[in-house]
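Starting from the known structure of chain A, fit chain B onto it as the hints suggest.
Chains as they are written, first to last, in our numbering: chain A, 4 to 594; chain B, 514 to 728.
I should point out that these hints are in silico values taken from the structure, not numbers from a laboratory.
Predicted, not measured: the structure shown is a model, and the values here were computed from it.
C-beta: ideal position from N, C-alpha, C; glycine also.
Mixed in with the good hints there might be a few duds.
Residues from chain B shown here face chain A by an in silico Cβ test under 8 Å; the list is partial [stated by the list, open to error]: (1) 649; (2) 650; (3) 676.
Pair by pair, the computed Cβ-Cβ distance ranges are [unchecked claim]: (4) B/581 with A/76: 49 to 59 Å; (5) A/512 with B/563: 36 to 46 Å; (6) A/494 with B/627: 27 to 37 Å; (7) A/50 with B/551: 50 to 60 Å; (8) A/426 with B/551: 50 to 60 Å; (9) B/582 with A/512: 15 to 25 Å; (10) B/689 with A/280: 45 to 55 Å; (11) B/564 with A/366: 51 to 61 Å; (12) B/620 with A/427: 48 to 58 Å; (13) B/624 with A/512: 37 to 47 Å.
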Amino acid sequence: MVQPRLSRRDLLKLGLLGTGYIALGPEHQYVRAESDGFTFRSPATRPWLAELPSPSPPQQVAPLADRSADYSRFIDGDTEFYEIEAVERAVSFHPDLPQTAIWGYRDMSPFAAPPSVLGPTFIQQFGPALDPLTGRPKRAGGVLVRHHNNLPYDHRGFGVTRNTVHFHGGHVQAQADGFPEDLLNPPAGFPNKVVFGRGEHYDYFYPLLDPGFVTDDDGGLDHQDCGDTPSTLWYHDHLLDFTGPNAYRGLAGFFLVFDDPNSTVPKSARDVGDETDDRGLRLPSGPFDIPLVIQDKAFAADGSLVYSSFDDDGFIGDKICVNGAIQPYLRVQRRKYRFRFLNGSNARIYQIFLANGSGVKQPMTQIATEGGLLAEPIRDISSVLLYMAERIEVVIDFTNFAHGTELFFENRLRQDEGRKPDELLSRGPQILKFIVEGEPVEDPSVVPGVLRPFPKVRDQDKQTAVRRTFEFERSHGAWAINGELAGQLQRPIARPRLGYGEIWRLVNKSGGWWHPIHIHSDFSRVLTRNGKLPPLDERDGMAKKDTMLLRDNETVEVFIKFTDHPGPWVFHCHNMEHEDMAMMARFDTVR
Amino acid sequence: MARLRTAAAATLLLVVAAAANAAAPVETFPNVALRTQDGTPVRFYDDLVKGKVVLINFFFTSCTSICPRTTGNLVKVEEALGERLGRDVVMISITVDPKTDTPAVLQQYARRYGTRPGWHFVTGDPKDLESLRRRLGANRDGGDKTQHTGILFYGNDATGQWAATPAMGDPQGIARSVLRLARPAAATAPPPGPRTASATNRSPTRRTRTSCRPT
Numbered sequence: 004m005v006q007p008r009l010s011r012r013d014l015l016k017l018g019l020l021g022t023g024y025i026a027l028g029p030e031h032q033y034v035r036a037e038s039d040g041f042t043f044r045s046p047a048t049r050p051w052l053a054e055l056p057s058p059s060p061p062q063q064v065a066p067l068a069d070r071s072a073d074y075s076r077f078i079d080g081d082t083e084f085y086e087i088e089a090v091e092r093a094v095s096f097h098p099d100l101p102q103t104a105i106w107g108y109r110d111m112s113p114f115a116a117p118p119s120v121l122g123p124t125f126i127q128q129f130g131p132a133l134d135p136l137t138g139r140p141k142r143a144g145g146v147l148v149r150h151h152n153n154l155p156y157d158h159r160g161f162g163v164t165r166n167t168v169h170f171h172g173g174h175v176q177a178q179a180d181g182f183p184e185d186l187l188n189p190p191a192g193f194p195n196k197v198v199f200g201r202g203e204h205y206d207y208f209y210p211l212l213d214p215g216f217v218t219d220d221d222g223g224l225d226h227q228d229c230g231d232t233p234s235t236l237w238y239h240d241h242l243l244d245f246t247g248p249n250a251y252r253g254l255a256g257f258f259l260v261f262d263d264p265n266s267t268v269p270k271s272a273r274d275v276g277d278e279t280d281d282r283g284l285r286l287p288s289g290p291f292d293i294p295l296v297i298q299d300k301a302f303a304a305d306g307s308l309v310y311s312s313f314d315d316d317g318f319i320g321d322k323i324c325v326n327g328a329i330q331p332y333l334r335v336q337r338r339k340y341r342f343r344f345l346n347g348s349n350a351r352i353y354q355i356f357l358a359n360g361s362g363v364k365q366p367m368t369q370i371a372t373e374g375g376l377l378a379e380p381i382r383d384i385s386s387v388l389l390y391m392a393e394r395i396e397v398v399i400d401f402t403n404f405a406h407g408t409e410l411f412f413e414n415r416l417r418q419d420e421g422r423k424p425d426e427l428l429s430r431g432p433q434i435l436k437f438i439v440e441g442e443p444v445e446d447p448s449v450v451p452g453v454l455r456p457f458p459k460v461r462d463q464d465k466q467t468a469v470r471r472t473f474e475f476e477r478s479h480g481a482w483a484i485n486g487e488l489a490g491q492l493q494r495p496i497a498r499p500r501l502g503y504g505e506i507w508r509l510v511n512k513s514g515g516w517w518h519p520i521h522i523h524s525d526f527s528r529v530l531t532r533n534g535k536l537p538p539l540d541e542r543d544g545m546a547k548k549d550t551m552l553l554r555d556n557e558t559v560e561v562f563i564k565f566t567d568h569p570g571p572w573v574f575h576c577h578n579m580e581h582e583d584m585a586m587m588a589r590f591d592t593v594r
Numbered sequence: 514m515a516r517l518r519t520a521a522a523a524t525l526l527l528v529v530a531a532a533a534n535a536a537a538p539v540e541t542f543p544n545v546a547l548r549t550q551d552g553t554p555v556r557f558y559d560d561l562v563k564g565k566v567v568l569i570n571f572f573f574t575s576c577t578s579i580c581p582r583t584t585g586n587l588v589k590v591e592e593a594l595g596e597r598l599g600r601d602v603v604m605i606s607i608t609v610d611p612k613t614d615t616p617a618v619l620q621q622y623a624r625r626y627g628t629r630p631g632w633h634f635v636t637g638d639p640k641d642l643e644s645l646r647r648r649l650g651a652n653r654d655g656g657d658k659t660q661h662t663g664i665l666f667y668g669n670d671a672t673g674q675w676a677a678t679p680a681m682g683d684p685q686g687i688a689r690s691v692l693r694l695a696r697p698a699a700a701t702a703p704p705p706g707p708r709t710a711s712a713t714n715r716s717p718t719r720r721t722r723t724s725c726r727p728t
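Next comes chain A alone, as it looks inside the complex (with noise of 0.2 Å):
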């Protein structure tokens, strides 16, 4: 899958390392049109000719005795430790294209896995467990990653070679997070330096703790607070007003969460991952559990990225890729597959359908989004929309799908440029084909009625939550939040006191634009969208979100509740060339 022509090292050995040295070719650049549509052109590709790509999991490598000290109180004999780093490499996003050179996480293990587009897909189990020698509840020992910066020290292009890698999604103490910039006067106990340049490293753990349970007297057994995961996070990188460039040359992976098959997590509520084992739910699991990250990207002739560091409406590419690949395929079983979709995209947005090659609908069960399994699963539906940073996973049922059928995941939602889609089409591109093979075979996984419930938030705790309102305007071309322009994270424009309820409503007055807003820390619960009922698949008791799409002059209200680590973190626009023109604020987390 992926071929690196020769390495730095290798270069360096030869001698030939010259200060000009380009990986693959000058970079190139796009320029809209004064129409302001999309004009780029990338090469033409072939469908159907490569398979889909499936980022191995990383290797432990031995504990790291110079570990950081911030996460002490964590680190035990059951902490895991992880070396990565981000580096320049050649990939192959289509046997019709030449390499790419992207920016790429790589596992630094000596037994790691050839590596991919993608960084490693993390997958690890959630505590607490019951401990089997004491039968008293015990945390998990959590992941250390040492993130280390190899990216090219004469890097021309788009994209800056400093990095912060952010755990989208996660619940970890705040250093752990990905802060986007340094602070001058950080709150106590968090680092002056967060962001590593080259030739540097950073120490990130995370607990992989249910929220709560650090907190709670009662070990975190509380069902509400302890219901957010496991769930489909993913790591990227996060850097101040360059995010979108860096997350674009690939700084991007999985981390899956599972619960422990010993979980307190009530058996019939846990996602342990394996089909087969009746400790928990038992959804498709293994080789039938497949992350899907779904990015649009342009290619100029000679296989390089190209990107247009001035399209601030948000970066629009004419190749679907899924996984690194541009319309791969993948060869089915008839039986049932757990699919997780992720729009790692900087600004499209998508509307994904099953269907057949003729465009007839086939039917989905939606059964999880960003905070995890959903209350039950949403049966029967033919599309999700797929907003940057969501994540929707769903159960597809081949079986009923004779031998030889191809099947399709189109999306039909246009998009021309970073603003907003254009239209719901009634086809649209195929961006990854299903060929279905063979005699049906026995499935074990299921999915039942019901799958992690959870209680809705008590009127009581609305009642008592702190409200604040967010409106995300434009002014003059740049963006703001609440009047003030945004972009200033060297203070806090909030202060939610730890383990208290809020209730956000975010605002969308900007006019034409659409925002996905993303809530670092914790897990929100949409409580109405535009007044009303949000619909199921993201209404409080059914799921939990950590990114809320914005329409046009949207309002959506979401109750959030921050527990265990004081801040700083971060909320901003997902879009990410919006991010990147400081569509972002910080909120500091107290006591």
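Quick look at chain B alone, frame taken from chain A:
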């Protein structure tokens, strides 16, 4: 051995190609003829941008809404840039009203704000100014030229790294962001070895927290 030879040949090709690329700009800009507040004729790319770290905004002198506050804020950015301004960092304020904003008017405007050399107020042919607006993506609010006057573009032409931020943002923060882009161009240090890295959070300077429990 044969593989090594092939590798070496490929590398040579890469290095030759790189030498050719080294001089080529990553992003190209219309090299239009402009005049500064001194009346000096300049080419936008060759004279103002090429090889430099630049800050670019759009404005017009008769604007009474956002421009005066923006220019006032940019004066603070100018102060924060210190000696770097005029050396490897330049500021370019492009009028969107060339009919009114002649070099003399710009001169008066610059004097009013007491700007230093290294901050260029420029005017030119409306067509050329429009091409700059288009290139920087500052033309996308219909025909309303007062829009996008709130944005400050900044970048490093030598490395091809560009960003945009609200022009009314914290001036110290803007200057820090701009100067961070400037540093790599000045330093040509060799790449560090992969494992000689220093942990940026290995020795926290401040560490007070001992418990996650609220008090």
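To see whether the hints hold, each was checked on the structure:
Taking 8 Å as the C-beta contact cut-off toward chain A, the hint placing residue 649 of chain B at the interface holds, the least distance being around 5 Å. A hinted interface residue such as residue 650 of chain B counts as satisfied when its beta carbon comes closer than 8 Å to some beta carbon of chain A; here the least separation is about 4 Å, so the hint holds. Interface hint at residue 676 of chain B: satisfied, since its Cβ lies 4 Å from the closest Cβ of chain A, which is below the 8 Å cut-off. Taken as a hint, the range 49 to 59 Å holds for the pair residue 581 of chain B and residue 76 of chain A, whose Cβ atoms sit roughly 52 Å apart.
Between residue 512 of chain A and residue 563 of chain B the Cβ separation comes to about 40 Å, which falls inside the hinted range of 36 to 46 Å. Here the CB-CB span from residue 494 of chain A to residue 627 of chain B is close to 28 Å, well matched to the stated 27 to 37 Å. As the Cβ distance of residue 50 of chain A to residue 551 of chain B is approximately 58 Å, the hint placing it in 50 to 60 Å holds. The hint said 50 to 60 Å for the Cβ distance between residue 426 of chain A and residue 551 of chain B, and at roughly 51 Å that hint holds.
The supplied range of 15 to 25 Å is met by residue 582 of chain B and residue 512 of chain A, whose beta-carbon atoms lie about 21 Å from each other. Our hint of 45 to 55 Å for residue 689 of chain B and residue 280 of chain A holds, since their Cβ atoms are close to 52 Å apart. A beta carbon spacing of about 59 Å between residue 564 of chain B and residue 366 of chain A agrees with the range 51 to 61 Å that was offered as a hint. For residue 620 of chain B paired with residue 427 of chain A, a C-beta distance near 54 Å keeps the hint of 48 to 58 Å intact.
Taking the beta carbon of each, residue 624 of chain B and residue 512 of chain A are about 38 Å apart, inside 37 to 47 Å as hinted.
Hint compliance for this structure: no hint is broken.
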